[in-house]
Amino acid sequence: MKKLSLAFAVLILIFFVSCSLSYNEGDYFFIRRAGAEMPVWVRGAESDTFVIFLHGGPGDTAQYIHEFYAFQELEKKYSLVYWDQRSSGVSKGDGNSETFTLDDFVLDLDLLVDVIREKYQPRNIVLLGISWGGTLGTAYLADPLRQEKITGWIESGGGHNMVLLMEKSTEIVKGYAEEQAAAGDDGLWQDAVVFFTENPDPGVWTLENYREYTRYLYAAEPYSYTRKPQPGDIQGPTLKLIFLSPMSFAVFFNPGKLLPDFNILSLDLTEEMDSITLPALFLWGKYDINSPVELAEHGYNSVGTPPDLKEKIILENAGHGIFSDDPAGFLESCTGFIEGLRQGE
Amino acid sequence: MKIGYWFFILLIILFSASGFAEEKFPVTVHAGYFGEMGVHPGGTIGAGAEFLKAGRYSMAGEFSVFSYIHPLNHTAFAVRGDWVHRVTGKRGLSGEAGISLGYMHTWSRGDIYVQADDGTIAQSTNTGWPHLYTGLFIGTALDLRRPAAMPLAPYFRTLCFFEYPYNGFLLPHLAFELGIRIRIPL
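For the record, the sequence lines run as chains A and B.
Going left to right, the first sequence walks through residues 344 to 688 as the working numbering numbers them.
Going left to right, the second sequence walks through residues 120 to 305 as the working numbering numbers them.
Possibly wrong hints are sitting among the right ones.
[Said to hold, decoys possible] Computed footprint of chain B on chain A, listed as stretches where at least three residues anywhere in the stretch have a Cβ under 8 Å from a Cβ of chain B:
| # | region |
| --- | --- |
| 1 | 426 to 437 |
| 2 | 456 to 469 |
| 3 | 591 to 603 |
| 4 | 674 to 680 |
None of these hints come from the bench; they were simulated from the model.
Only a predicted model underlies this, so the values are computations on that prediction, with no experimental measurement involved.
Here a beta-carbon is modelled for each residue, glycine too, at the ideal position from N, C-alpha and C.
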């Protein structure tokens, strides 16, 4: 009987500990549009400046980004908004593939911006787009009416011109594959050389082609730079993320649903970028082989923002995972840009 | 082919069970902790009955209602039926496995904002999402009638269950149940 009582005491303890765990920090709510219910986590300081993080992918999640050192530090100064896009991360919905369009993602973001404005009345809203988030942010800002709601734009390792991105990225990876194959590698890199010979034009690649390409892309990456995480930086999936966070197995399955019906490889927003005139920062890692550094130059030159309001920063010790590769450099660049916006009010 | 195979197994069980039907089919009620991913807390209650017994083997049907909270993600409520296969040892320790089918409803845990018809931002009613529930489980239980003469059986189950549809796909979950079964004399 004592063992039974002990078992029940343990259960009651688990129940109350689980209920009171501290991952209820910040405001957590959802936005719903066109069949998708998307989580939004607002965390950090009570600030007049809100930074909306646009995650990569498409299909990734923003639910663990606050675990990175750079974002922990940003949260000390600003309100950070982490949003999982439709059919991404832990978003839920009807999974209707007809809504997997750039326009729908833009309309979702517009709803999010309106909710943030309505709920918090911030003085400044900054969009921070990483990778695919850079594509989404660019598409959003190309509309002048939407642009009026935003104070500043940070594109980091983004894909505002996917055609150029793929051209430059494949150039690097193909060159590396040929080097390795010539040096005697008869495994992965020989396969890569065959792949590039058989599929020379990324503009017509299927999802399967792109997935094969990412094998070579990720394998080529470590040769470019060495990561320099800060103390306390997240290094991989942790028990806290698996058990004590909003994460679920949906983060593995959502991209699998989204990507077959949402091919972004031919998106080129260059023409629309001239209508972007707000302050902008193009923040890239020098060794980014996913979105090579030429994209930073291209973005900087393509927006209509006056020269004194736009900036291009290339971090020497970073690749595509810029905020984990060089957290201090990422933090300093973002903070400098945002503080510039606040002082220029 | 597969259906025929399972039908054959069922027939064997039914025939072999006919000689062991002297004991009344026990009816049980159960209650316990339901933890999705272990630490997303919830509870379960239900009832069941063994409807087939063949030596150490028994087959039972159970009906359960359970609910749990995944903080910041969702609240779930589900009803399910379990088809349980159980083998009980001499000292009352049993192992079991089974499959489940049911209905599950989930609600996002937070306010939901939408754009109203007039273009303004409004909060929406959280009506939740309906799902088909399917699952598998394995577990163990200890029948305390044998060591302690009590009509109780603490049980532990690990479950893998699926909600469908979730964004158009089958979303898996892991969970465990820890509870007590009470035998009801009929």
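Hints, one by one, checked against the model:
1. Counting residues of the region 426 to 437 of chain A whose CB lies closer than 8 Å to any CB of chain B gives 6, so the stated coverage by that chain holds, three being the minimum.
2. A stretch counts as covered by a chain when three or more of its residues have a beta carbon under 8 Å from one of that chain; for the region 456 to 469 of chain A and chain B the count is 4, and the coverage holds.
3. For a cut-off of 8 Å, the count of residues in the region 591 to 603 of chain A with a CB near a CB of chain B stands at 7, and the three-residue condition holds.
4. With 0 residues having a beta carbon nearer than 8 Å to a beta carbon of chain B, the region 674 to 680 of chain A misses the requirement of three or more and the stated coverage is violated.
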